[in-house]
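*Asks:* Here is what each chain is made of, one letter per residue.
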Amino acid sequence: MKGGWRQAAFAAPGFVLLAFLAVPLLALVVTTSPSELASGLAHPLVGPALWLSVETSVISMAIVVACGLPLAWIIARGQGRWASVVETFVALPIVIPPAVAGIALLLAFGRSGPLGAAGLPFTTAAVVAAQVTVSAPFFLQSAIAGFRKVDPDLILVARTLGASPVATFFRVTIPLAWPAILAGLGLAWARALGEFGATLLFAGNLSGRTQTMPLAIYAALESDVRAAQALALLLAVAAFGLLLLLRLIPTGAR
Amino acid sequence: MSWSVRLSGRLGDLDLSLAFESDAKVVCVVGPNGSGKTTLLRAIAGASLPVEGHVSVGERLLLDTTRAIDVPPEARRVGYVPQGFGLFPHLTVGDNVGFGARDDVHDALERYDLLAYADRPVSALSGGERQRVALARAVAMRPACLLLDEPLSALDAQTRRTTRKDLAAYLAAEAAPALVVTHDARDVRALGAEVVAVEGGVVVQQGPWTDLAEGPASAFLAELFDADFVASQQ
Numbered sequence: 362m363k364g365g366w367r368q369a370a371f372a373a374p375g376f377v378l379l380a381f382l383a384v385p386l387l388a389l390v391v392t393t394s395p396s397e398l399a400s401g402l403a404h405p406l407v408g409p410a411l412w413l414s415v416e417t418s419v420i421s422m423a424i425v426v427a428c429g430l431p432l433a434w435i436i437a438r439g440q441g442r443w444a445s446v447v448e449t450f451v452a453l454p455i456v457i458p459p460a461v462a463g464i465a466l467l468l469a470f471g472r473s474g475p476l477g478a479a480g481l482p483f484t485t486a487a488v489v490a491a492q493v494t495v496s497a498p499f500f501l502q503s504a505i506a507g508f509r510k511v512d513p514d515l516i517l518v519a520r521t522l523g524a525s526p527v528a529t530f531f532r533v534t535i536p537l538a539w540p541a542i543l544a545g546l547g548l549a550w551a552r553a554l555g556e557f558g559a560t561l562l563f564a565g566n567l568s569g570r571t572q573t574m575p576l577a578i579y580a581a582l583e584s585d586v587r588a589a590q591a592l593a594l595l596l597a598v599a600a601f602g603l604l605l606l607l608r609l610i611p612t613g614a615r
Numbered sequence: 713m714s715w716s717v718r719l720s721g722r723l724g725d726l727d728l729s730l731a732f733e734s735d736a737k738v739v740c741v742v743g744p745n746g747s748g749k750t751t752l753l754r755a756i757a758g759a760s761l762p763v764e765g766h767v768s769v770g771e772r773l774l775l776d777t778t779r780a781i782d783v784p785p786e787a788r789r790v791g792y793v794p795q796g797f798g799l800f801p802h803l804t805v806g807d808n809v810g811f812g813a814r815d816d817v818h819d820a821l822e823r824y825d826l827l828a829y830a831d832r833p834v835s836a837l838s839g840g841e842r843q844r845v846a847l848a849r850a851v852a853m854r855p856a857c858l859l860l861d862e863p864l865s866a867l868d869a870q871t872r873r874t875t876r877k878d879l880a881a882y883l884a885a886e887a888a889p890a891l892v893v894t895h896d897a898r899d900v901r902a903l904g905a906e907v908v909a910v911e912g913g914v915v916v917q918q919g920p921w922t923d924l925a926e927g928p929a930s931a932f933l934a935e936l937f938d939a940d941f942v943a944s945q946q
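Chains as they are written, first to last, in the working numbering: chain A, 362 to 615; chain B, 713 to 946.
Calculated directly from the structure, the hints in this document are not laboratory data. One or more of the hints may lead you astray.
Said to hold, decoys possible - Over the 10 Å line for every Cβ pair with chain A, so calculated as not near, a few chain B residues:
| id | residue |
| --- | --- |
| 1 | G724 |
| 2 | E733 |
| 3 | E841 |
| 4 | P928 |
Said to hold, decoys possible - Chain B stretches covered by chain A per the calculated footprint, using a threshold of three residues with CB under 8 Å from any CB of chain A:
| id | segment |
| --- | --- |
| 5 | 757–771 |
| 6 | 774–788 |
| 7 | 890–902 |
All residues carry an ideal CB built from backbone N, CA and C; glycine is no exception.
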C-alpha cells in the first residue's frame, strides 16, 4: 500500500503537466458548437488566410526540399571540421526566437540592407522567406540523420553497377533515407504553417497578401473571437494530421 | 597478368602498403581482422580512399595515381559484393539483379536459380539465397572481375558447406577473375585458389594454398591452416 502511495506521489507532477497540455486543446474544441464554428469559418478573414497559408507553405516546402536535399547530403557526407560547423549553423534557427529571425530578415532584405534590391519585405514572397528560414532546419536535421544511416557499401555497389553519382542518389540514397526525409518534411511543414513572429515582422499582417492563418487569428481576436477559434481549430487539426502521418511512416525498409 | 595491385596510404590506424601480382583466376585474400582486406577490395572497386598506387585487372587499368588516372566506379566494371552482400533493401530480387544488368535479367536469375524469387523483396530471403542474388547481380553487368568480401561468413554452418561448393562452381563457370576475401581455410581449399596473405596492411606471403599450408610465414597462417587440418580430420 505504501509503495502504491509513493508511486502515485512520483507520477502526480507528470499528470499535472499532462492536464496542463491537454486542457487548452480540449477547451479549443468543447467551447464551440458546430453553428458557431460555421459562422466563424464564414468570417471574411478566414478564407484568404487559409488559402494563403496553404499556398505559401507548399511553396516553402518545395524550396526546402529542392535545396535541402542536396545540402543535407553534402553535410552528411562531409568530413572534418567544416561539415560540423555548417551543420551547427543550419540548426541555429531552431533555437533562435522567430522575432530575431524576422528582424534579421528585415535587416538583410530591408531597403538599406545588402539584399534590399530584391524588394522582399511586406510581400507574399516575404512570408515564404520567413517560413523557409524557420522550417528548413527541421527538414535538414532529419534528412542529414537519414542520409548518415545509408550504408556506404550500398552506394559503392550502385556505382560499380554502372550508376553515376546522381543516379545513385535518386535510385538508392533517397529511397533508403525516405522515412527520415518524410519525417523531416512533416515537422518542417508544421513549423511553416504555424510561423508567426518572423512573418509579422518581415512580411506584416496584410489580408490576402501576407496574413497567414496564425496572423489571422491574431487579427480576428480584435473583432470576432469565433473566427479566431475556428482558425485555431483548423490549424490544430492540420498539425495533428501531420503528426499522425509521421507516426504512420514505416521507420525503416530493412 | 590478371591482377596487378600496388597500393599505399594511411587509413586510420592502418599503414597500408599492399603489392601483389597474380595470374590466378581466383585469388583468396586472407588475414586477421583489420589487416586491410576490405580496404583492398573497396580500393579496387573505386571507393574514394586516401590511397596512392596502381591497380590493373587484366587489360584494364583502373588506378594510376602517378598519371592522375582514377577510373570512377561506374566505369571500372568490377562486380563488387561487400560483406553482408549489399543488396538494395527497397528493391525486389529481380530489380536488384536488373540494377546494372547488361545481360538478360531472366537469364541471370535462371542461372543462379532465382527465377521463383524474382518478385520477392530481398528481406524475405535466406542467407544462401541473398548470396546468390548478390552474385547474379554482379555477373549480370558482365564485370571484368569479381570482388567478394567474405561471401560465406554471413551464413550458418550448414548452409555454408553447400554454398561453398556452389560458389566454387559459379566462379569456375564465370569468365571474370575473382578476388575473394575470407578467413576460413576451407573456402581457400574449395576454391582451389592462389592465396595472398595480408597482415597489418602488407602482403606477408603469396602462393598456392598448398604451399602456404606447408610453410606458413606467420603464426596467423599457421593457425589458419592448422585449424583447417584439424577440422578435416574430424
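*Asks:* Against this structure, judge whether each hint is valid.
*Replies:* Verification of the supplied hints:
1. G724: holds (12 Å)
2. E733: holds (23 Å)
3. E841: Correct as stated: the minimum Cβ-Cβ distance to chain A is 16 Å, above 10 Å.
4. P928: holds (31 Å)
5. 757–771: holds (count 3)
6. 774–788: holds (count 4)
7. 890–902: violated (count 0)
Against the hints set out earlier in the document, a violation occurs for number 7 only.
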